[in-house]
Amino acid sequence: MINDNRKRLRRTMMFLNAQKPALIKDPYIYKPDSIILDLEDAVAENQKDVARFSLYHALRSIDYCGIERVVRINALGTPYWREDIRCAVAGGCDAVRIPKAESAEDIRRAEAVVDSAEKEFGRPEGSVLIMAAIESARGVMKALEICEASARLFGIALSGGDYTKDLQTHITGTGIELMGARQNLVIAARAAGVQCFDTVYTDLDDMEGFRRDVETIHLMGFDGKSVINPRQIDIVHEIYTPSKEDVEFAWKVIREIDAKRQSGIGVFTVDGKMIDIAFYDGAKRTIALAKASGMYREEWEC
Amino acid sequence: MLNAVGREIPEEILRMTGKEVFQGNGHYDGIVYRKHGPKTTCVINSGGSKLKKTIQEVLVECGIRDGMTVSFHHHFRDGDYIVNMVMEEIHAMGIKNITICASSLGKAHDPIVPYIEDGTITGIYSSGVRGKIGEAVSGGKLKGLAVMCSHGGRVRAIETGEVQIDIAFIGAPTCDEYGNCRGIGGRSNCGVLSYAMADAGYADRVVAITDCLVPFPNFPAHISMTQVDYVVEVEAIGDPAKIATGAAKPTTDQRKLLMAEYCTKFVVNTPYFKDGFSYQTGVGGASIASTVFLAREMKKRNIRMRFGVGGLTKPMCDLLINGQTDCLLDTQDFDLAAVESVKDLHHFRISAGEYANPFNKGAVVNKLDFVILAALEVDVHFNCNVVVGSDGVIAGAQGGHPDTAAGAKCAIVVTPLSQGRIPAVCTEVTTVTTPGESIDVVITDYGIAINPARPDLIQAMKNVDLPFRSIEELRDIAYAITGRPEKVQFMDRVVGIIESRDGTIMDVVRQVKPFMFSEERV
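First to last, the sequence lines map onto chains A and B.
Count along the first sequence starting at 1, add 1, and that's the number in the working numbering.
Count along the second sequence starting at 1, add 17, and that's the number in the working numbering.
Just so you know, the hints here were simulated from the structure itself, not pulled from any lab data.
Treat the hints with caution; some may be incorrect.
[What the hints assert, rightly or not] Keeping only pairs whose Cα atoms sit at most 27 Å apart, straight-line, the calculated DSS-like set for lysine-lysine is:
1. A/32 x B/479
2. B/504 x A/26
3. A/292 x B/282
4. A/32 x B/317
5. A/32 x B/266
6. B/282 x B/378
7. B/426 x B/378
8. B/282 x A/26
9. A/32 x B/282
10. B/479 x A/245
11. A/245 x B/316
12. B/266 x A/21
Produce the entire structure from the sequences given, and follow the hints as far as they go.
Written out as structure tokens, the structure is:
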């Protein structure tokens with residue numbers, strides 16, 4: 002039985018070095034939707050076991066107040082990833098993030114280790130979810146098969162740093178170098194019915210640039226963004242959270258469609274906008290998102 | 018005897034000091050007292066100059082002798098040279114049993130520790146002692162007591178004669194040969210001389226020490242020639258780099274910014290946040306960020322401040338420059354922007370007495386709507402400790418903390434819930450320095466607790482989306498993270514007194530003992 006948290010709200014997924022107690026002791030005060038405890042790039046080669054140790058104990062002893070705890074393991078080409086998964090699963094993580102995924106086979110290899118770790122540590126079968134990071138041109142081209150590789154997989158994420166190197170370009174700040182990958186990944190994820198997350202924005206001093214970036218990926222259809230600092234969280238949540246007006250309009254759309262359906266009318270207007278049945282699911286999603294983000298108020302159901 | 022904050026004050030200390038225990042902030046309201054008058058030497062035949070060549074010469078002229086009290090101000094902060102140069106001379110003259118009455122003592126004064134050890138200095142009356150002096154006092158090396166007072170309480174003690182200053186030494190950034198001192202100009206520009214004003218008015222002898230002698234008249238004088246006995250010119254009175262620093266870079270620490278956002282949201286939702294409000298804050302990262310965020314909200318809501326008080330820094334002075342406050346009332350300047358701002362016509366210098374003396378007929382702190390403070394520890398009774406570190410060593414100063422907290426309508430303490438694995442919200446503070454009756458709100462990174470004694474504030478926040486919790490809940494969260502702390506272990510000997518603003522005893526500080534694990538824990 003696969004964990005039914007696959008579709009949970011993930012507007013922000015915040016990276017934290019699993020080796021840094023000051024970072025991992027209480028990131029929940031900043032209210033990200035998920036944290037990604039990193040065993041990969043943030044941790045030096047000769048510190049992997051130390052990081053696993055602090056990761057395991059953090060997962061065991063800290064109450065993260067309902068925030069999803071994802072562990073980024075080392076890539077499948079390294080000697081570390083199997084032990085990373087064992088420690089993460091033993092500690093009680095909610096999900097593992099597989100870096101540098103390039104094929105459905107990668108996902109299945111990792112999944113097999115997750116399976117056996119669940120059994121080894123007595124965790125319910127299917128309780129640990131998987132997400133995959135796409136970091137190469139090949140990964141982008143194989144996005145759909147990756148998305149469909151496992152019932153545990155809840156989503157894919159673009160990792161822009163490695164991807165642009167593979168593409169023989171670099172992060173420009175304009176997003177132009179990421180256009181194809183972003184479009185491809187979000188289409189593949191939607192086709193497979195999984196979530197899709199955008200890459201990090203590394204210039205912490207350029208909050209305006211960050212805001213533009215988030216606005217872009219929001220419009221492209223991404224479910225959320227990886228963040229590297231708590232100061233980025235509020236901006237993402239602001240852009241990703243429906244306003245009171247959005248919720249009120251969504252309720253009007255739902256009510257009107259329900260009413261007009263009774264009387265056999267297919268197309269009509271709400272507040273001057275043309276509406277038909279195709280808007281129904283979107284309006285429901287808006288309300289669900291408002292509720293999931295905790296800003297929903299009953300009185301908006303006017 | 019138990020005092021109003023539940024601290025046991027040893028009878029022996031009450032006898033020795035002649036003091037009473039703390040009985041609540043308002044206990045002495047309406048008391049009638051006669052102010053102390055200094056023994057004043059009239060200066061007729063000075064020939065128009067009060068200049069003396071050396072500190073040693075001036076000490077002789079002032080009749081320095083064993084058992085005297087000498088005073089200093091701390092406007093030069095960590096850059097101060099005055100205390101050390103005067104004490105070095107006193108020590109060289111073989112004088113003993115000196116009491117230092119300083120507005121504060123810090124790291125700059127580490128070199129006087131040997132004079133504590135050899136009995137040159139046997140008493141301290143100061144807002145606080147940091148650095149090596151704090152360690153020496155807590156280690157039992159001071160023969161007498163260290164009395165820690167608030168800025169307002171110090172002026173009260175001087176004006177009532179409870180502390181009688183024999184010689185006041187006033188470091189003056191500029192001074193003329195007749196003793197007119199100013200806090201501005203010169204190399205050691207500190208902006209104002211607020212803390213020294215009571216000393217100048219009530220000490221028997223007043224000595225100005227300057228490294229920038231200017232032609233008479235150095236007007237408008239911050240401390241007048243009418244109060245000054247002697248002037249000494251020295252090479253340097255301070256290290257300018259440590260007196261007024263460049264403006265602190267705005268913090269990027271998200272934890273501090275989070276607390277500042279909570280603080281600002283709290284402030285703007287109180288009934289006091291309206292046109293004409295007043296405000297004071299400190300110099301910590303969260304305090305400074307709170308001022309910046311508050312300025313943003315004031316602009317958004319078209320609300321102006323009537324006056325800001327400080328301990329001033331650039332963000333406060335920016336309020337004046339941007340027309341967001343009518344004026345600033347200044348007791349101390351922490352950065353170059355604040356020193357520069359002193360020139361503004363609406364930037365008013367005030368004395369420490371005007372600022373905070375509780376025995377005045379009025380003080381600025383009583384007109385404050387908001388004060389944003391920090392604390393080392395706050396307990397479930399809202400008592401604060403800003404003086405004694407988690408290791409039991411005296412490491413801080415009361416400053417204006419108890420004064421502003423007592424005076425302000427809304428006293429807010431902002432602190433991370435744990436500081437370096439030490440819980441900042443606890444069952445009982447190590448030492449009470451500001452009583453819980455003065456504190457209205459505690460803001461932490463994990464939540465906000467309103468003092469139950471303020472149902473009006475609780476009501477005002479009813480529909481405000483902030484993480485409100487009880488102070489006990491905050492303590493429980495802190496302990497869940499850090500564990501329940503063992504109490505600091507002290508010897509019996511009392512080495513210091515936390516003096517309340519009104520001169521009563523808030524708490525005592527005992528000599529520290531090296532920590533011993535109890536048997537079952539070994």
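So, going through the hints one by one against the coordinates:
no.	hint	in the structure
1	A/32 x B/479	22 Å, holds
2	B/504 x A/26	24 Å, holds
3	A/292 x B/282	23 Å, holds
4	A/32 x B/317	26 Å, holds
5	A/32 x B/266	26 Å, holds
6	B/282 x B/378	34 Å, violated
7	B/426 x B/378	18 Å, holds
8	B/282 x A/26	26 Å, holds
9	A/32 x B/282	17 Å, holds
10	B/479 x A/245	20 Å, holds
11	A/245 x B/316	24 Å, holds
12	B/266 x A/21	25 Å, holds
In summary, the one numbered hint that this structure violates is 6.
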